[in-house]
Each structure stands twice: as C-alpha cells, then as structure tokens.
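*Asks:* For reference, the chains in residue letters:
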Amino acid sequence: MDYKISDIEKNFDGKIIENNGNNDYVIKIDDREHQLRILTMDSKGIEFILDQKYHKAKYLSTLTNEMNMVIDNVPITLNMNTHFDKIVYKNSGGVGSGGVQTALKSQIPGKVVSIAVNEGDSVKKGDVVCTLESMKMQVAVKAHKDGVVKNLKIKPTATVAKGDIIADLE
Amino acid sequence: MDYKISDIEKNFDGKIIENNGNNDYVIKIDDREHQLRILTMDSKGIEFILDQKYHKAKYLSTLTNEMNMVIDNVPITLNMNTHFDKIVYKNSGGVGSGGVQTALKSQIPGKVVSIAVNEGDSVKKGDVVCTLESMKMQVAVKAHKDGVVKNLKIKPTATVAKGDIIADLE
Amino acid sequence: MIEKVLIANRGEIALRVIRTCTALGIKTVAVYSDEDYNSLHVKKATEAYHIGEAAPAKSYLNQEKILEVMLSSGADAVHPGYGFLSENDDFARLCEKNKINFIGPSADSMNLCGDKMRCKDAMLKAQVPTVPGSPGLVKDVEEALKIANEIKYPVLLKSVYGGGGRGIRLVTNDKELKEGFETVTSESISAVGKSAIIVEKFLEKTRHIEYQMCRDKHGNAVHIFERECSIQRRNQKLIEQTPSPVVDQETRDRVGELVVKAAEAVDYTNLGTAEFLRSDDGEFYFIEINARLQVEHPISEMVSGLDFVKLQLDIANGETLPFKQSDLKMNGYAIECRINAEDTFLDFAPSTGPVPDVTIPSGPNVRCDTYLYPGCTVSPFYDSLMAKLCTWGPTFDESRTKMLTALNDFYIQGVETSIPLYKTILNSEEYKSGNLSTDFLKRYDMIEKLTEDLKTEKVEKSEAAVAAAIIHSEFFKNRTQTNETSNSNWKNKLD
Amino acid sequence: MIEKVLIANRGEIALRVIRTCTALGIKTVAVYSDEDYNSLHVKKATEAYHIGEAAPAKSYLNQEKILEVMLSSGADAVHPGYGFLSENDDFARLCEKNKINFIGPSADSMNLCGDKMRCKDAMLKAQVPTVPGSPGLVKDVEEALKIANEIKYPVLLKSVYGGGGRGIRLVTNDKELKEGFETVTSESISAVGKSAIIVEKFLEKTRHIEYQMCRDKHGNAVHIFERECSIQRRNQKLIEQTPSPVVDQETRDRVGELVVKAAEAVDYTNLGTAEFLRSDDGEFYFIEINARLQVEHPISEMVSGLDFVKLQLDIANGETLPFKQSDLKMNGYAIECRINAEDTFLDFAPSTGPVPDVTIPSGPNVRCDTYLYPGCTVSPFYDSLMAKLCTWGPTFDESRTKMLTALNDFYIQGVETSIPLYKTILNSEEYKSGNLSTDFLKRYDMIEKLTEDLKTEKVEKSEAAVAAAIIHSEFFKNRTQTNETSNSNWKNKLD
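Residue numbers (my numbering), protein chains in the order written: chain A, 6 to 175; chain B, 6 to 175; chain C, -18 to 476; chain D, -18 to 476.
This is chain A alone, in the form it adopts within the complex (with noise of 0.2 Å):
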C-alpha cells in the first residue's frame, strides 16, 4: 500500500509482513523493517511499541482512501491507495475541470453582526462579505474569488456554523 502524508512531499510504501501472534507484527516501511506490538486497540485508536518505541494513534475519521488520525499529539492526514500515482491524476484531473469552489464557507462559527454586500453584487477576492462576531472577536468573512454574490444565505444577528455556506460567488 502506498501512503501520502499532506504537507509532506515523500511517499511512503507500507506492508505487514509477518504476524508473530501475541499483537507482534513485522512491518516492513519502503527498505527497512520494524518490530510493532500492539499494546491496545480498538476502533478509535491504537497504542503500539514501534521498534523500541512508543506511540499513541486516536484515529479521528477514515474514509476508503483517506485517513485522518492524531499520532502522539500531532495530528496528520494519510491519503492511501494500492497504487498512488493513479489518484493523484485522478484528483488534479477533477480539479481540472471544476475549477474553484463557488461556494463560500465561513471557517469559523459565530454570530452575523453585519453583511456588507446584497445579491447581485460584484465583489473581488478579499472584499469583506459579512462580519461575524465570536467570542467577543469580530472577523471578517472575506471573498475567496471574484464573483457576483448569488443565494445569500445569511441574516443580521443569525448564527453560522464552521463550514456553512454564506454565498454563493459565480
């Protein structure tokens, strides 16, 4: 299996390749082979000695090709494929022929104190659409694209989730 952490250029190849029972394995990562005993597990995580060394996985959420999971506090992004080359053509591909996302999410949660454009207007990327107040903060919801703002979806004094849609930009 072919492993890709994000923010890291490096690939990695990934497979057991013995299982000595009692939670021992011989795992085996592009050249070189290591020692993991599993000291417990269960859906959500896993605490292992890796060579002589101990480690703590808590695995946030995993999809068929990608998983997210927190490693000794550090949280990392694993995309993982048989053959990784492929997914990668596949994904730019799409992105290709997409283009950017319309939508705009607000990337924190808070309150509408103010909205500073009306359907139909045009506004370039990093116009101020709304402002939000959180935590006694007030922060800017600004465009990420030019675009005519389209299906407003927000209203004075109502309240957006992380990763809600504000507008639309076309």
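Take the hints with a grain of salt, since some may be wrong.
27 Å max Cα-Cα, derived DSSO-like pairs, lysine-lysine [to be verified]:
| id | chain 1 | residue 1 | chain 2 | residue 2 |
| --- | --- | --- | --- | --- |
| 1 | D | K413 | C | K8 |
| 2 | D | K310 | C | K310 |
| 3 | B | K155 | B | K167 |
| 4 | A | K33 | A | K63 |
| 5 | D | K80 | D | K8 |
| 6 | C | K436 | A | K33 |
| 7 | C | K198 | C | K139 |
| 8 | A | K58 | C | K436 |
| 9 | D | K198 | D | K8 |
| 10 | A | K141 | C | K46 |
| 11 | D | K291 | C | K413 |
| 12 | C | K436 | C | K404 |
| 13 | B | K141 | D | K97 |
| 14 | A | K141 | C | K139 |
| 15 | C | K430 | A | K15 |
| 16 | B | K141 | D | K310 |
| 17 | D | K39 | A | K58 |
| 18 | C | K120 | C | K182 |
| 19 | B | K58 | B | K33 |
| 20 | D | K25 | B | K63 |
| 21 | D | K80 | D | K46 |
| 22 | C | K439 | A | K58 |
| 23 | A | K20 | D | K24 |
| 24 | D | K80 | D | K218 |
| 25 | D | K218 | D | K430 |
| 26 | D | K198 | D | K24 |
| 27 | D | K436 | B | K15 |
| 28 | B | K58 | C | K291 |
| 29 | D | K(-15) | A | K61 |
| 30 | D | K310 | C | K305 |
| 31 | B | K63 | D | K404 |
| 32 | A | K9 | C | K120 |
| 33 | C | K404 | A | K58 |
Read the hints as simulated data drawn from the structure, not as lab findings.
Bear in mind that the values here come from a model prediction, so they are computed numbers and not experimental data.
Using the hints provided, position chains B, C and D relative to the given structure of chain A.
*Replies:* Coordinates of chains B, C and D only, in the frame set by chain A:
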C-alpha cells in the same frame, strides 16, 4: 420506595413527585421536597444538581434490591424495597436458620507461601490456616470460626484471588 | 469575617477562586448561564444558581439577578474575577449599598482608575511618569508644535474620538506635524463630526511590564514584583513571565516605589496591577491600573509563594498586610502561556465547539488553571482563554524547558489552539535571549517559523503514522473476516 | 556528559526520573517486565526494552539482562530509583566495571552504608551519636548490667538472630535485666540454635527525622534540611512533612553539621538520606544511611526549590555543587501522603487489581507522582505505593488544608486505599498540633476515628445517594417503556 444505607440506622422514604421535563424533577425524601436537575446520565452513572448542590454518582453494581454506588467519591450501599420491614424480617430469618457460613474465603489476592493445616484438622476461630504473599508482604489467613478443615482448596505457590475459598470449616 | 463568597464569573477564574475558598473553609456560591449547566465551576462550588441566558448581558453582566442570588443565598461577599463586572464601579457600589463585601477596590477608586484622563492626572500629581505628551487636548497646531519639540520627535497625533488605528498619525518633524494635524482633524470630523487632538511621544520596541500591587484598608502598600507581558497579538497578551529579563533588583525597587505611590494616588485597596510601557532606552511610563485580580496572577504567586485570592479575602476582611516590602523575596522564574481556542493561521480567529478529549499537563512546578475536561464545550459566547499553563523553575531555562514539556503533553481535541505557536516561540533564540517587545511575533516572523516547525514535526511522526495506518487497515480486514472464521486475537483487542 | 540514562526501575519513580531527563534533553531507556507492557514508564521513555517475567528476580533484579540492555541501547548511565537494585553494591560495581555511570554512591561507599555494624562504627569515629548501647555483642549478664547502668534504664535486650519482635525484651531495672537476659538467650537458642545479645537504650515517644544529604565527587557536602516521617505503620512511612515541627533553625544547623560529617565518614557521593531517631528529650541518634534517592524526596524539592534528579545527574557528571550550605534557604511547608493500595481495616493488607477509573488531584502547589491512569492495573508483584501526593503552602496550615482538598479530589476505583485514613489523620488535633511519634496511629486510636469519620461521611451523602437511586429506578422503568412509547427525554440522556 424505602431506602436503607448500610452502617446507617435511619431508613429513607423517597419518590419522584413531579417531572417538569427538560430533566428537571421534584423529588420527596421523607417529608422534604427537593429540586433535582439531571446534567448527564447513562447506565454507569449520573451527574445532577440537587437543590443548589452538584453531585456525581457512579453505579458500580445494581441488583433488584441492592445498589452499590460511589457518590462524590464516597462508596455507599443502598438496600431498597417497596416495604422495607418485610425484607429485614426475611433476611434475619435467613441468617437464623443458615448459621455462619462454612467456607473460609481469602480477603486478599496473593500467592500461597505456607499452609498451616491439613484436611481433618480441628481449628479454633483465629488460628492461622495459611499464609499468603502479596506486594512483598506476608499475610496470615485465619479461621473465621471453630471447625474441622474440609475441602482444602489451596496448594503451596498457587495463586488465590480475593474471595476465593481456602477451605470449608465444618 | 467572610464566610460565603458568591463568584460573579465563570471559567477558570471562578474555579481559581473556589479553590482557595474551599481550602479556607469558606462556602462558595456559583452562578451560571444556560450555556454553563455542565461547567466545572457549577460542580465545584458549595452551591450553584442559574441566572439566565447564554449572552453575558442576560447572565454574567446582569447585576440585578446576581444581587438577588447574593441575597437569597446568604453570601456575605462577592468575588468578581476578571472581565464581566470586575471593573464596573456601579456594581461595586450596588454591593456596598447592600452591605455585601466586594472583594476589590472601593467603587470610587475603581471609577477613578477607569477614567484614563483623571487617572493620568492623579499619576502626574504623584510624580509617577506617564507617556510624555500634552497634558490634555491641544488647542491648535502651534501648541502641538511646541509640545512635540519639548518631548522630541517622533510623536503621535491622536484624535480622542478615533480608535482602531483611525485618527492617529506618526510624525517625525515639524513639517510632517503641520500636515498631519490637518489630516487627523479632517479625518476625525468626517468620521464623528468633531475633532480633539492630543500629542504623545511615540515609543519604539516597547516592552509591556506590569507590577502587582497590594494595599490594605489601613494604607499599608507593597508591590509584589513585576511581570513582563510583551508577547502579544492585537494588544492581547499571549505569554507572560516573571522576573522580566530587563528588570534588575535596582530597577525593581525603583519602579516598585512608583507603584506604591500610584496605589496611594488613587486610594487603591486590595490587589491590582499597574501597567507600564518600557521604552528601549530603559524608561518606564505608567499606562493604566487594572483594578482587579489579573489573568496572569499565577506566575506572581509562584515566585512570591503567596496565595493572591487568600490575600484578597484577608484585605477585604479589613486585615492588615501580614508582611512589609522587605519581607517579600522573589524566588525563581515563572512563565505563563495562555492557551486560547483560536486558529493561528486564520489571523487568530476563534475556534469553538465540543472537546471530546483533553489531556491536561501536570507534574512538579507545572500549574494549569483550566475549565477543560473531557466532554466539555468551548462556548462561542465567552472569551477564548481555555487554560493558563504556568511553570516554575529555579532558573529561567528550567522554567522554559518545563513549559515545553508541558505544552507537548497538552492535548485538546476538537478546537484549534495556540499551543503549537507557543512551542515555536519558546524554542526560538529570540525568546531564549529575552529579546522581547510588543511586536515580537511580527518582528521575528514567528508564524513562518511555526509553519516550518509543524512540517518538521510531521516528518518525524510519518513512519509511526504509516505504521498506525497499516495496522488499522489490517484490523478492518480482519474484522470483516471474523464473521466467518474465529480470530480471537483481534477480537480480544476490541472493546 | 550523560546523554542517555537507563532507568532500572518501574512505577512512579521511573516516571519521576524520565521527567527530569526529558526536560534536560537527555534520552531515556525504560525496561519492563511481562506485567508492565502497558505501564506509563514504557510510554514516556525515549525507548523501552522488555526484560523478562513479572517476578522481580526475573526482570527488575536481573542484573545480567539489564546490563545487556544498557550495552545494546547505548545508555551511558543508569538510574536505579529506590528498591530493586538501588542499594545493591554488586550491581553498582558491575556498572563501574562496564564504564556505565551509576547515578548514586560508589560501590564501596554503598557497601559500607549497607553493613549496619561497620557503618555504626564509622559514625562513632566521626562523633555522630548513635543509639546508646553496647558497642557490639555483650559476652555475659555482668557486661549487660554494667552497660545498662551507664546508659540508664529502660533498655532493650536484643538477640541479633531475632527479628519481628522475637528475641527482644524491654527491661527497666537490674532484676528485670537478669531475668530477661536468661529468657532472651533461651528463646533465641530454641528458635535458631544460638544466641548473641546486644543492649540498646529504649527510647520512648520517638520521632523518625531524617536529613537529605548531598555530596559531590570533589568532597563538597551540604544537607538539604530535614523531613519528619514519624507517622508509620509496621515501620513503613505513611505521611512525611518538612520542616519537622520540633526542629528549629538552631537544631537544623546543629544536626545538619552531623549529617555532613556522616556523609564524609562513609565517603558518600550523590544524594542520600541520613536517618535519625529523636527521643522525647530532644536528642538525635543516627540509625542508618539510605544510599539512594528516597520515596519522600518531593517534599524536600518543594521547600528547597531544587530538582534532585537534576542534582544527581550533575553530581554523576562530576560537576561541583553549584551552592554552599549558606545559599540554601528553606521555603514554606510541604507534606507527602503515600497513597497505598491497602485495606486499612484488614491490618493494611494489600489490595490489587484493575483500576478502571481514577481522578488525580492537581492544582497550584499540589504534586502527585503516580503511575496510575484510567484502565491501569495495580500489580500484586510489586509494592503497594500507587501515588505520592504532595502539597506545599507558605504556612503549615495552608499545606495541610491543601492536602485535605487534594485527598478529597483523589478517586481510585477498584482497589482499597489509604486515602480515608489520611483524611482522618490530617483532620485530627494531634496531627495539627505536631504531636507526632512513630506510634502515632495506635497512641491516638486513629483507626477508630476513621470508622467514625466514614460513618459521618455516609450520613452527609445519604440524601444525595437516595436521590441518585430514585432517578436510577425511574431511568430503568422508563427504558423498559421506551420500547413501546417514545420518551425522547430519557433517550437523549443515554449514551
């Protein structure tokens, strides 16, 4: 429902008299009414505010008429019945007819280091039956009654758990 | 004698106050909003009363409701914490009127501290230096020129009606001042319809250094040393330490005497803080008084060995300070990191929500004041401070390395935190050498350094992460098979 | 310079050593038995090696196996903790031979400290007072009578082959001595076939007071104050505190000088402890040296501000002590409670097994050194010490009340603990007034007091317990109904 707490003479009469929804209740214990709000609850425990005071209980074990809990770090055993007098009567009747148990149980876990008796020996209450080792300490297990040793269940170097039967004293 | 204290606050500071009261056998009354039913301060207090909706105005700022609880619960004193009503002199007066012991300064003193112009006046009279500039508004450009030449350029022209960077201009000579005076006046008039300008010396590479002050009701006053709080973002303190690397004993004593004068000048009682700017040439300028217990008080507790909440209670009880200035000795080095729920890479935007899991660091000389527990929630209604992580060491470096270990141990699931940034800062040569200033983050490109550090950390953990992923896949493959064949090995490991 | 330390131990002391090494950037190597795969010291070390079966002889006492790991892991030093191999001079010699830095005294010094007769001789030569009595064996009843009259009655007659209270007799006059001499001789002969008697002064209401000693490889020595450890059961310390309520500065200095002499007398290097008995008339008598870091070292760290493991590493590295005696100042009051897995009501019998849940107390000036975590196991193979709970305060009473709060917060599910007993002791007038002695528990009927306290606690919690039971019944009644009717209120509360 009647409630009896071990080591405390007093009985308590308790019931719910109102369920106001939103996890708010009015309960009555003896003659006093109390406001109760559940904060969290599952099969293992409950957090609640009784009048203006927070409490946290863990349910360790529950039988039909008996409940072991730890409330605010204090372990408490409750007996409960719709009519408590009957139970007291029944229990004392049971003890009267059955007498003291014959089985001598170990009150600690440990390894058997020596056995002071043989089957068929007569022992008096307080005589040493065997010695166990645990945490580098040697602890004597003493006869809980006069009797003749029957069914000696232990062997030197064997391990016994807390509550295991050492022998019957008949 | 105070026997029952209502704490008109929430979060870690409410817990802090409860802790000392419990140890002293004093009963505590917590108040809580709809958002805080499951908060620790509710659980730890002797009694807890619900006071209203989540929005502060409807609960923690609701003076009438809080007074009602004080009276019905029989509390004889109130601790305001920081924020909320802590510097509201109306509230202090309301308590005074109802014979509730307000644990803090008198309403009059608080009012004076809160009025920056009157407070500055009081300091000038007491000969406590403030930032040089016009004593009040300047009436015309000629007066501005005269003052600028007295206090020396560069100076700032500020419209008192401005704010947030508007109506403010930095000028370095007479020509720029003349132009600037005009611009600031017109900007201010166009914005708010009027203009009123003050002139103030512009200080470069300033440090924020503050002094803990302490004065009883009999007029005995001491300072309990300084704290340096220069590492900030948007004027919000992030990391504090004591002693300051630029305050030696001579300076500590000299400025400390000014602090005692400052406390006397406003007839301050109880604990408070006098804030100063220190310019790069070593001069101290008074800015303002924080008329309350401060967020960063734990580090001063660590180097003084005193319990400040106990001291507050004793002073509120009318007791005399149990020590003189000469009895107080500074012992070792303490650092505080404010663990905020915020996204460093999103310009410190707030991050809120459920926290399913948390690991709180502990150990000798590690102190963590926090409201976090596994399963709690970081609410968007209140401020972003989740925890105050403090460490102490007999040397600065022992305190710093202890902090790094504690930051590594601190795990908060579900929200973004400032922990990674602090690791980068504490590892930087600039921090180690005490090269601090209020523009520290920008001056030394800390956010860029952080990006690099995070990448390095990922590289270090990559093999272990791949190993965890391999086993996870194996686990699910096996689990599927278990339905048919018995695989007790894996089964045992399932919870 | 030490760069990688193998810790030949387990439990809380292994964690303690790892903590300081991590802060100093020194790598750590843990070793573990079959019983300890899931122990925290395995998880916190840089590397961890399995060394054998659960029984100590097969793992933590297995010198060859531990040496093998030292060599293969590249460790350049070994920390023995306390117990296990820590006072085994063969092991210290094995390390010396293999050029591994043993963090402790030299093998020769350790050997001398471990031989009580030779050590006592060395102390007498150095004019450190020991318990008065015969210098060695007495040859007959006449010699015994002579010595008894020199050192004054009451005296103890002890057969050196006795032990556990056998072959020992308290006598108060010549007549009793003559009878006693005969009885002890015959008891000893009937038990072990031979007799050899020593005479020793019997001390009443004694206190156990010990001194932390510290000496570098260049002969510089200091004491780091005393600890009083009088509260014991079966000669095992339960509660320790520093300073001792009966040691004033004059006494501290005077006995402290003896301690430095004692360290020199046995050429002691690194950290150790000199134990004394203090008789009711205020005299101090040397008993023995503990040639290692002690269990109760945290309270001395708290009042001295020093990190003892760092100090050990520095001394092992051949560094010179960074302070003189006059630099050391005692600051505040510290208490330690040893949280044991034992049943107070079953004559302190061990209690072992899984610990599904645990809450570890924390907060300012609370330190808890422990291997416990939710889901861990208390093993029957090792000693019963689960945690060392320590508190500090600027006054004794602040330290004591802080300890009570921490004991209340400490929750350990699954095993019996000594926590309730400590609450009773710390609340007693006898403890508060410093009325300590090694027979404290019996003298003041503490077990009976505990029984009363536990009952009171139950009475206080009875209404809340009944309320919890009522709701529990309702919950199960409703859960049964939920199958038919929708009861969303209850459903929401189920996890």
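*Asks:* Indicate, hint by hint, whether the structure satisfies it.
*Replies:* Okay, the hints, checked on the actual structure:
Annotation: proposed proximity of D/K413 to C/K8 holds, straight-line Cα distance about 22 Å (limit 27 Å). As the CA atoms of D/K310 and C/K310 are separated by approximately 12 Å, the hinted pair is consistent with the 27 Å bound. Among the hinted pairs, B/K155 with B/K167 is consistent with the structure: their alpha-carbon atoms are about 20 Å apart, no more than 27 Å. For the hint linking A/K33 to A/K63, the alpha-carbon distance of about 22 Å falls within 27 Å, and the restraint holds.
A distance of roughly 18 Å separates the Cα atoms of D/K80 and D/K8; the hinted pair therefore holds under the 27 Å criterion. Taking the CA atoms of C/K436 and A/K33, the gap is near 24 Å; set against the 27 Å cutoff, the hint holds. Proposed proximity of C/K198 and C/K139 is contradicted: the alpha carbons are some 38 Å apart, above 27 Å. A C-alpha spacing of about 21 Å is found between A/K58 and C/K436, which places the hinted pair at or below 27 Å, so the restraint holds.
Only pairs whose Cα atoms come within 27 Å are accepted, and D/K198 paired with D/K8 is accepted, the gap being roughly 24 Å. Between A/K141 and C/K46 the alpha-carbon distance is near 22 Å, which keeps this suggested pair within the 27 Å criterion. This hinted pair checks out: D/K291 and C/K413 have alpha carbons roughly 20 Å apart, not beyond 27 Å. Restraint check for C/K436 and C/K404: satisfied, since their Cα atoms lie roughly 13 Å apart, inside the 27 Å limit.
In summary, the hint linking B/K141 to D/K97 is supported, as the alpha carbons are separated by about 23 Å, within the 27 Å threshold. This hinted pair checks out: A/K141 and C/K139 have alpha carbons roughly 25 Å apart, not beyond 27 Å. Distance check on the hinted pair: C/K430 and A/K15 sit about 21 Å apart at the alpha-carbon level, within 27 Å; holds. Our distance criterion of 27 Å between C-alpha atoms is broken by B/K141 and D/K310, whose separation comes to about 38 Å.
For the hint linking D/K39 to A/K58, the alpha-carbon distance of about 23 Å falls within 27 Å, and the restraint holds. A threshold of 27 Å between alpha carbons decides the hint, and for C/K120 with C/K182 the separation of about 18 Å falls inside it, so the pair holds. With a C-alpha separation of about 16 Å, the suggested pairing of B/K58 with B/K33 holds against the 27 Å cut-off. Taking the CA atoms of D/K25 and B/K63, the gap is about 31 Å. The hint is violated against a cut of 27 Å.
Pair hint D/K80 plus D/K46 holds up; C-alpha atoms about 16 Å apart against a cutoff of 27 Å. For the hint linking C/K439 to A/K58, the alpha-carbon distance of about 17 Å falls within 27 Å, and the restraint holds. The hinted pair formed by A/K20 and D/K24 meets the criterion: a straight-line CA distance of about 24 Å does not exceed 27 Å. The hinted pair formed by D/K80 and D/K218 fails the criterion: a straight-line CA distance of about 35 Å is larger than 27 Å.
Distance check on the hinted pair: D/K218 and D/K430 sit about 20 Å apart at the alpha-carbon level, within 27 Å; holds. Taken as a hint, the D/K198 and D/K24 pair is broken in the structure, with Cα atoms around 34 Å apart against an allowance of 27 Å. Distance check on the hinted pair: D/K436 and B/K15 sit about 12 Å apart at the alpha-carbon level, within 27 Å; holds. The suggested pairing of B/K58 with C/K291 holds, with an alpha-carbon distance near 24 Å, which does not exceed 27 Å.
A distance of roughly 23 Å separates the Cα atoms of D/K(-15) and A/K61; the hinted pair therefore holds under the 27 Å criterion. Between D/K310 and C/K305, the direct Cα distance comes to roughly 19 Å. Compliance with the 27 Å bound is thereby established for this hinted pair. At roughly 22 Å between alpha-carbon atoms, B/K63 and D/K404 fall within 27 Å of each other, so this suggested pair holds. The hinted pair formed by A/K9 and C/K120 fails the criterion: a straight-line CA distance of about 67 Å is larger than 27 Å.
In summary, the hint linking C/K404 to A/K58 is supported, as the alpha carbons are separated by about 23 Å, within the 27 Å threshold.
In this structure, the earlier hints numbered 7, 16, 20, 24, 26 and 32 are contradicted, and the remaining ones agree with it.
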